[in-house]
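J.: Sequence:
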Amino acid sequence: MALARRGLNAPGWTALRMVARGIVAAALLAAPVSAEGAAGARSAHVNYVLRCAGCHGMTGEGTEIGGVPTFLDSISALAADDGGRSYIAHVPGINSADLSPAEIAAVLNYVVAEWGDPATDVPVFTEDEIARRHAEPMRDIVAARREVADRLAAEGKTTAPYPWP
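First residue of the sequence shown: 2, per the numbering used here; consecutive thereafter.
Heads up, none of these hints are tricks.
Using C-beta positions, here's what the derived DEER-type ranges look like:
| hint | residue 1 | residue 2 | range |
| --- | --- | --- | --- |
| 1 | GLU62 | VAL143 | 16 to 22 angstroms |
| 2 | ARG152 | ASP99 | 27 to 33 angstroms |
| 3 | ASP129 | ILE66 | 35 to 41 angstroms |
| 4 | ASP151 | THR121 | 15 to 21 angstroms |
| 5 | ASN96 | PRO164 | 16 to 22 angstroms |
| 6 | ALA114 | GLY94 | 15 to 21 angstroms |
| 7 | THR159 | GLY58 | 15 to 21 angstroms |
List of simulated lysine to any residue pairs, SDA-like, C-alpha gap at most 25 angstroms:
| hint | residue 1 | residue 2 |
| --- | --- | --- |
| 8 | LYS158 | THR121 |
| 9 | LYS158 | GLU115 |
| 10 | LYS158 | HIS91 |
| 11 | LYS158 | VAL69 |
| 12 | LYS158 | PRO119 |
| 13 | LYS158 | LEU73 |
| 14 | LYS158 | GLY68 |
| 15 | LYS158 | ILE66 |
| 16 | LYS158 | ALA145 |
| 17 | LYS158 | ALA144 |
| 18 | LYS158 | TYR111 |
| 19 | LYS158 | VAL125 |
| 20 | LYS158 | GLU65 |
| 21 | LYS158 | VAL112 |
| 22 | LYS158 | ILE142 |
| 23 | LYS158 | GLU148 |
| 24 | LYS158 | ARG147 |
| 25 | LYS158 | VAL143 |
If you're looking for bench data, these hints aren't it; they were derived computationally from the structure.
Every residue, glycine too, gets a C-beta built ideally from N, C-alpha and C.
The task is simple: from the sequences and hints, build the whole structure.
T.: Here it is in structure tokens:
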């Protein structure tokens, strides 16, 4: 063991460690600049993780106890419906997210692609649509969700349980 330690303290190894430390230091100093420059270019998946996964989870399952509906077996029905699209555009996580309409559209398209039913024809969310829907007031998000869910249920379409009163 002592020989191995001495071997790593040889002048060649010392120089190599100094170079490695310099590379690590340079990378750490450059990282904040790179992250700031790339902040506007985050992928829809990264924005989902940062803005949505805290409630809906990494698997889109939500939590019934926490009042967060699952995306599984229900997001497509909502996203294919005009009223459902308005509801989705106004959910608290979307409204409070510091994302542009284009970024929100990308996240919603990611959610539909990841957890939606491929057999359901869901129009792609667009930046213009999100901006338009955000300009329309929605006074009671819970009532809006219930109205859409009741209508979809009458049409034989499934939506996730929604525990809010």
